[in-house]
Every structure is written in C-alpha cells, then in structure tokens.
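*Asks:* These protein sequences, in sequence, are chains A and B. Those letters in the first sequence? Residues 1 to 314, by our numbering. Those letters in the second sequence? Residues 1 to 314, by our numbering.
To be clear, the hints were calculated from the coordinates, so they are not data collected in a lab. Source: prediction; values computed, not measured. Every residue gets a Cβ at the ideal spot worked out from N, C-alpha and C, and that includes glycine. The reader is advised that the hints may include incorrect statements.
Which chain B residues face chain A? A few, computed with CB under 10 Å, are given here [unchecked claim]: (1) Ile-222; (2) Leu-308; (3) Met-311.
2 protein chains.
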Amino acid sequence: MAQQPFSILTVGSLAFDSIQTPAGKADLVLGGSGNYFSIAASFYASVEVVGVVGEDFPKSHLQWLSERKIDVSGIQVVPGKTFHWVGSYDQDLNEAKTLSTALNVFEQFNPQLNSKHRVAPYVFLANIDPVLQMRVLDQVDSPRLVACDSMNFWITGKPNELKETLRRVDILSLNQGEAFLLSGEKNILRAAEKIQKMGPSVLMIKRGEYGAMMFTPTGVFIAPAFPVNTVVDPTGAGDSFAGAMMGYLAEAGIDREWAKSHPEKFDQILRRAVLAGCVMASFTVEDFSFQRLMRLNKSELVTRQKTLVQMLQI
Amino acid sequence: MAQQPFSILTVGSLAFDSIQTPAGKADLVLGGSGNYFSIAASFYASVEVVGVVGEDFPKSHLQWLSERKIDVSGIQVVPGKTFHWVGSYDQDLNEAKTLSTALNVFEQFNPQLNSKHRVAPYVFLANIDPVLQMRVLDQVDSPRLVACDSMNFWITGKPNELKETLRRVDILSLNQGEAFLLSGEKNILRAAEKIQKMGPSVLMIKRGEYGAMMFTPTGVFIAPAFPVNTVVDPTGAGDSFAGAMMGYLAEAGIDREWAKSHPEKFDQILRRAVLAGCVMASFTVEDFSFQRLMRLNKSELVTRQKTLVQMLQI
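So that you can see chain A by itself, here it is in the shape it has in the complex:
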C-alpha cells in the first residue's frame, strides 16, 4: 500500500484526566500519551494513532484530530468507559502524584495494526505495557526508526519484557528518575552508559523544568527547557516533547542505516530535534490538557525555537 512519507505510527493512551496543580484544577479533560504525542508530532509529520477509547469519548475530538491529518482509523471505540487518570502536582511541578487510575477499556487493549499502519516508517511506542509495545513491533514491517517511552511501573513490574523491547528500539525517552531505576545507577553518565548497552543507541533523559539531556553514539547534548512565565499544568510535557522530537526526525527523513553511517550528522539533527521537543513541551505546560497545542501555530514554534537557541548560544 502507498505510504505517506514522514508518517509516524504511535500507540498510546487516549484518556480523561482530572488534574490539580498550584495554578488550578481541571476535571475530566482530554489527555493521554497518544493524544499529546500525535498533536505535537502533527506539526512536523503525518501521524497515525493506535489506541482504544470508550463510548464516552467525544467524537468531536476524533473529528478534530482527523482534520489535522491525524489518522484515527486505529483508534478502536469499544463499549465501556475511557481510561481515566487522576493526578496532582505540588509546588515542585517536576513530578506528578497519581491519585487514581481507572484503566477501563484500556485494560483489554490489544493493538491491531491495519495494512497501512504496518508499513509506517516511524514508530513511537508511548508509555504502555512493554508486552503491548512488542506486539506492535511484531506487526510493523521494517520501520526506519523506532522510539519508545516507559515508566517506573513497567521498569519495576516487567523488567525482562521491557528489556526485550529495548533491544529493538533506536531512541529511548525517560525521565531522570526512571533512568536511574532502569540502570540501577544514581549518576546520569553511568546510567546512560548502561542503558545505551541495552539497545537504544540514543537516550533522551527528560529533566522537567531543567530540560533534557541526550546521549548519542558520538556525544552528549544538554538542552535547556524553554522558561515560561506561568506553568499551568505539566501533564503531557514528556509526550509532546517526544512528539515534536520524532516529528522533526521524520520530517528530516532520518533512517537507522543512514544514522549509523553518518553519526556526526545524525547527532546534529538530533540536537535540533531535542530543542523542538523542549519548545513543544514549553507550550504544553502553559494550559491544562493540550489546549495550548490546539491553538498553537507553526510560526509560534519557530519563533520560540529561535529564542531558545539564543539562550544557549556561545
């Protein structure tokens, strides 16, 4: 089947979130890694989302995604309720506290890829059960580049399955605490060294308000977060970081083989991709849910990326 260039397949959650932050409260707003990732990535590339929602999920939102050229044919609508996450943040906005998680229809989720999804050149496995992540990888033909995310829950609960997934992944994105947990190290350099040996040649360590650190085969890049005036809600910052980062790589047409034979050039493109991620995340946190991303335009992205580059220029 004919495949759009630069197309990214992602598998992740579509959810309702109820969130309390120092800036206020939002009840039953739209969320989920699949949403944040795909909206962010859609500024750069076409996106296909695979996921599951209940009958209570607003059709208008699926419609809105479609209008952005996000392919929602992989989102199953099944009887029952949509995944619901309740969380809060205290003054330290870098860490979410989960108050409750109702998996609902997500509990029986078994990603089934259609013929179009199977030929996706770029794949992003959002933070879900590593067994499901592998099941997705088993169904895709021969992606050019695979990235993935995970979290403490899987690192602790399914370490072997996660490590099996990691062997098939090019880029892993984790926050600092997760990287320490996965590696058993408390130092970021030693943690990165161990994790890169598990499979992903590129490791992105997210550090909340401090930005991100990237380890590639040729070097280390330390990207600052773009400082914003008011952080309303950090939810989805990591997924929208990954969305912009993958979108940037897909737009550049990177593939694994080229990356291996051009490690220095790959490193340079990755640096820009990481900054794109930091910029996207900075917009995400300016409002609840992905409301800021929904009214964001590309020229705002470009302007902020230029400003961020100035902030690290020597």
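Since chain A is already given, all that's left is putting chain B on it; use the hints.
*Replies:* Using the frame of chain A, we list chain B on its own:
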C-alpha cells in the same frame, strides 16, 4: 598605590567543615567561601582575601595560598577558634543541610581594608552579613565591577540591609530557592525581573546539578552543569563558580561603564564567564573540601570547558 591589573578583592569566610555526603565523610577539613572563591579565581586573576581565622587555622594553608599569589595580608589571625560548619547532603546533592554552625572568631569579624585592598578593581562579597558587605563597599575606592552572593538566612533576617547592598552591586549570584525567596515569586522569569530592579543588572541563578541561568540586560543564557562521574561533595560549588566567573571577567578587564555601552559584547563575555564557573564547580564537587582544586591545572580547565561548549553546541 600601584595596583595589579585584574586583581579581585574578596571578603568571605575561612572555615573548618565537617561534612557527610552519600560518598563519605570528611571531618574538620578546610572550607569557607573565601577559600573556595579565591582558589578558583586565582586560575584567572590575582586575588586578595579579607577574612578572619582563629589560632587553630593551619599556617601552612595560608602559606599555600600565598604561593598561588593569593594575597592573604587581609586575613586576620585572632585568639580563639576558626568558624566551623557541620553539614550533610542526602541523595539530592543539590541542597546542604546545616547540622551546626559555630561562628567562633567570625562572630566579631569586622573587615578592615588596607590601602592596597581599597583600590581593588574587582570586588566579590561572598555570603556574609549584608551589613559587613556594605562596610567593605564603603572602604573601596571605585571598583570597576562588584559581585555578591547571599543566602536565605540574610534574605529573611536582614532584608533591608541586603537590599541596600544590592543597589551597589553589578552581579548577584544566588541559587534558585534564594531567588524565589528574595523576589517573593515562584517563577524564575518573574523572580529575575524583580531582582534585576533591585540593583544588579546581571543575575546568576545557580541550579546545582542542572547548571546556572543568567539574566543580563540583553538576554537570558542557560548554562548546563558539566556532568561528572562521581559527585563526592557539593560544598563550595557555588563559591568556586563565582570565583571562576569573576576571574574570567577580571582577566577580560571588564568594567561597568564599558559593559553599559557594550551590552551585547558584555553578554557574550558573561556567557563564557558562566561556563568557566560551571566548569570550576564541576571540579570542586569531585572531592571533599577544595582538594580537587588544589591539584587542578589550567589545561584541565581548558579541556573541560571545550567539552562543555560541545555539549551545548547547535
């Protein structure tokens, strides 16, 4: 009196520290902001230290400082015991916990500048009582550039005196929590804006393992910390950051009037100065006390600074 070019006068503490960190324990080792600052600055400029020690302070260390061309004629040796700080760090190495402070001879400290000190072109007021900081400023003739540090204790305890000092300061160096406390803001941009209005046109906000953020009249610079394999003891990182930063500015011969008329060039030089500070701090934390700085050579500094620049290159 003839004055060396690039000479920096600093007033601060010379102390014994007893420290516990996750890496180990050090009892009654040499410390104090005056020590850390002047050793770090001496890689770039000549330094004059004003401070006080008790009769228990090792003469061999004063001798060692002198051999590094650090002028110790402003260090009074008085009857009694040297200032003693007892502190510890848990896994979060970014914040020290003070277990006890014995001011000892420091309690009666009244800085008296000799004729040589009075004509110092560069002044760094380390973290001491803002009343003493002002007393030093009252005694210097017309410095080219004045920088200062402070802490929660003075921000809360002597806010008016501190604000009076700040009106006479060009560069203020604080950590993030202190900047929030001083400004009454919880956001770094709003905090910086308020603090810059208090006097210092340049504000450096230290962020521990995440580096430093600098606000100048023309922009924002976000400098990463240099990541090291093992952090042994973070004590003195901030003072050695300030030492290298001021040393770099003194070596460059910057003065306030030139800075005002060349804001863009000043900003560029400051960025390099901040990186020099980050690099120096990264050596400091590799061992207890300033032991790593005592065996550091300039070529190690240059090499690490180059590596750090690569880590933020776009």
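*Asks:* Are any of the numbered hints broken by this structure? If so, which, sorted upward?
*Replies:* The structure breaks none of the hints.
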